[in-house]
Amino acid sequence: MESTFAGIELGKRGLITHQAALHVTGHNVANAETEGYSRQQVTLEVFDPLYIPGLTRELTPGQIGQGVQVEKILRARDMLLEDRILSESNGLSYWKGLNDWIYQVELVHNEPTDKSIMHVLDKFWSAWQELANNPEEVGTREAVREYGGALAYHINSTYGALKAIRDNIEKTIEVRVEEINTIAKQIAHLNGEILRSEAAGDNPNDLWDKRDLLVEKLAGYVDIHIGRSDRDEFFVYIGGKHLVQGKHFEQLALRKNPENEGYSDVLWKEDDSFLKLKLGELKALLDARDIELKEQIDALDTFTVNLIDMVNGIHRRGFGLNLRTGLDFFEELPISVNLLGDHDFNRDGLVDGTAIFRITGTQNVNPDDVVGLAGTITLNNGITVEYTDTDTVADMITRVNNSGADVKLYVNSDGRLVVRSDTPNFYISHLEDSENFLVQYSGILRGSGQAAAFDYSQSEMAQNISEDFMVMQKLHPSSWIQLSDGIMNEVESIA
Numbered sequence: 000m001e002s003t004f005a006g007i008e009l010g011k012r013g014l015i016t017h018q019a020a021l022h023v024t025g026h027n028v029a030n031a032e033t034e035g036y037s038r039q040q041v042t043l044e045v046f047d048p049l050y051i052p053g054l055t056r057e058l059t060p061g062q063i064g065q066g067v068q069v070e071k072i073l074r075a076r077d078m079l080l081e082d083r084i085l086s087e088s089n090g091l092s093y094w095k096g097l098n099d100w101i102y103q104v105e106l107v108h109n110e111p112t113d114k115s116i117m118h119v120l121d122k123f124w125s126a127w128q129e130l131a132n133n134p135e136e137v138g139t140r141e142a143v144r145e146y147g148g149a150l151a152y153h154i155n156s157t158y159g160a161l162k163a164i165r166d167n168i169e170k171t172i173e174v175r176v177e178e179i180n181t182i183a184k185q186i187a188h189l190n191g192e193i194l195r196s197e198a199a200g201d202n203p204n205d206l207w208d209k210r211d212l213l214v215e216k217l218a219g220y221v222d223i224h225i226g227r228s229d230r231d232e233f234f235v236y237i238g239g240k241h242l243v244q245g246k247h248f249e250q251l252a253l254r255k256n257p258e259n260e261g262y263s264d265v266l267w268k269e270d271d272s273f274l275k276l277k278l279g280e281l282k283a284l285l286d287a288r289d290i291e292l293k294e295q296i297d298a299l300d301t302f303t304v305n306l307i308d309m310v311n312g313i314h315r316r317g318f319g320l321n322l323r324t325g326l327d328f329f330e331e332l333p334i335s336v337n338l339l340g341d342h343d344f345n346r347d348g349l350v351d352g353t354a355i356f357r358i359t360g361t362q363n364v365n366p367d368d369v370v371g372l373a374g375t376i377t378l379n380n381g382i383t384v385e386y387t388d389t390d391t392v393a394d395m396i397t398r399v400n401n402s403g404a405d406v407k408l409y410v411n412s413d414g415r416l417v418v419r420s421d422t423p424n425f426y427i428s429h430l431e432d433s434e435n436f437l438v439q440y441s442g443i444l445r446g447s448g449q450a451a452a453f454d455y456s457q458s459e460m461a462q463n464i465s466e467d468f469m470v471m472q473k474l475h476p477s478s479w480i481q482l483s484d485g486i487m488n489e490v491e492s493i494a
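Last residue of the sequence shown: 494 (numbering that gives the first Met the number 0), numbering continuous.
To be clear, the hints were calculated from the coordinates, so they are not data collected in a lab. Each hint should be verified, as a subset may be incorrect.
[Claimed, not checked] In silico lysine-lysine, DSS-like type, Cα no more than 25 Å apart, as pairs:
hint, residue 1, residue 2
1, Lys268, Lys240
2, Lys95, Lys162
3, Lys275, Lys170
4, Lys255, Lys473
5, Lys162, Lys473
6, Lys277, Lys293
7, Lys275, Lys246
8, Lys95, Lys170
9, Lys293, Lys255
10, Lys216, Lys170
11, Lys407, Lys473
12, Lys162, Lys216
13, Lys240, Lys184
14, Lys209, Lys246
[To be verified] Here are the simulated distance ranges between beta carbons:
hint, residue 1, residue 2, range
15, Lys277, Ala160, 25 to 35 Å
16, Ala131, Thr391, 25 to 35 Å
17, Asp271, Asn411, 22 to 32 Å
18, Ala131, Glu178, 57 to 67 Å
19, Gly35, Ala160, 32 to 42 Å
20, Asp405, Thr361, 19 to 29 Å
21, Lys277, Pro257, 52 to 62 Å
22, Tyr409, Gly317, 15 to 25 Å
23, Val336, Lys216, 49 to 59 Å
24, Asn256, Asn321, 48 to 58 Å
25, Asp394, Gln449, 45 to 55 Å
A virtual CB, placed ideally from N, CA and C, is assigned to each residue, including glycine.
With the hints as constraints, model all of the structure from the sequences given.
Listed below in structure tokens is the structure:
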């Protein structure tokens with residue numbers, strides 16, 4: 000029999016249901032500007048009718064409805080679209096991050112302004128030309144000294160600015176790794192809360208929003224993959240390894256790498272394996288520090304060490320107004336323990352190799368002359384270059400320079416063949432000739448074959464090469480280049 004209060008109960012149920020809908024609407028309005036919030040919507044359903052088919056059912060003309068109720072409250076969020084956004088966001092953050100740091104490098108170089116190295120270098124060469132035209136004037140020598148000092152200062156400053164950018168990137172990497180660890184911990188904690196809420200039959204919309212916001216932030220830092228196949232566990236993967244698995248999370252760590260000037264590698268704390276990244280801001284930071292900035296500094300160092308070697312080589316052969324000769328224009332800081340290039344590569348206190356940057360032959364050569372010899376030159380990393388009796392000196396120079404052995408061959412202003420290192424560490428690893436092109440023909444080596452080869456891994460190797468060589472200089476010559484004391488103290492010594 001129907002209750003006299005059925006209509007009142009139906010009305011009350013309708014009010015409660017729509018009041019809940021109004022609460023959700025108010026929740027949406029209040030969080031309109033909240034980062035990461037997803038609009039929520041109420042799904043209504045018919046409340047169970049008064050009479051359910053069965054043996055005890057009262058004979059009535061039909062089921063009597065009892066109004067409406069809230070079925071569930073859902074987030075208006077497309078997870079397929081969300082995953083697509085995540086996959087694109089790490090690419091965006093990678094290129095944006097890399098662009099920001101490269102822009103800072105552009106500001107350092109200041110090309111083509113009067114504050115750039117190129118501008119000061121042009122002034123330096125012009126001063127030398129003026130000195131050649133007026134060798135008796137002290138003023139022209141003072142101009143050479145001033146522009147030489149200015150060039151060294153600009154090189155020092157450029158190195159310092161590039162080094163400062165690398166150091167800033169290192170600090171940013173430390174911050175990002177700490178943030179990634181914090182986010183991983185927070186996601187794992189939310190996973191536990193979400194699991195408990197779902198077990199109670201709720202839709203934890205606000206908790207899902209918090210987790211998704213953290214995931215979006217994490218996707219900007221590293222390229223991640225989300226796993227939702229297991230209803231009870233939410234996975235976050237980086238490079239195929241899980242950062243978060245349900246309530247469990249892993250941590251990243253930093254380890255100083257002495258082979259990379261003490262800058263940090265990013266590792267998994269659990270097993271010390273390297274973190275594999277393809278995109279994301281963290282990858283941009285690592286690439287900017289270890290590729291872009293390193294290449295810029297290596298190029299500056301290469302320019303500097305060749306400038307020192309070239310200018311000093313010419314200056315030592317000239318005479319100043321005071322008739323002094325054999326003086327260096329720029330300071331040289333050999334890395335070896337003696338003038339023969341003997342060096343402790345292993346840093347164990349014992350000499351274990353020979354560090355030579357440049358070797359100049361004793362014989363005059365003409366690039367157009369046919370060598371008339373056939374043999375094999377062995378260079379760094381075991382790279383070989385074949386030559387025949389029909390090859391010219393120019394052919395040999397081209398072949399060696401294109402071999403990928405990180406050495407350069409050229410004929411200097413005196414007509415001598417020169418071989419020098421073209422690597423950032425500025426030393427020749429190996430030099431060997433099976434015949435006589437590098438031996439009697441050019442005078443770079445003193446003997447042919449493996450027994451007379453030059454190899455950096457052995458000490459006292461200077462006895463196997465020409466007497467005209469330059470020892471490897473200390474690390475980062477662009478950081479310490481300066482005029483020699485002889486030039487600074489007496490301008491008349493400039494040749």
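Which numbered hints does this structure break?
-> 12, 17, 21 and 25
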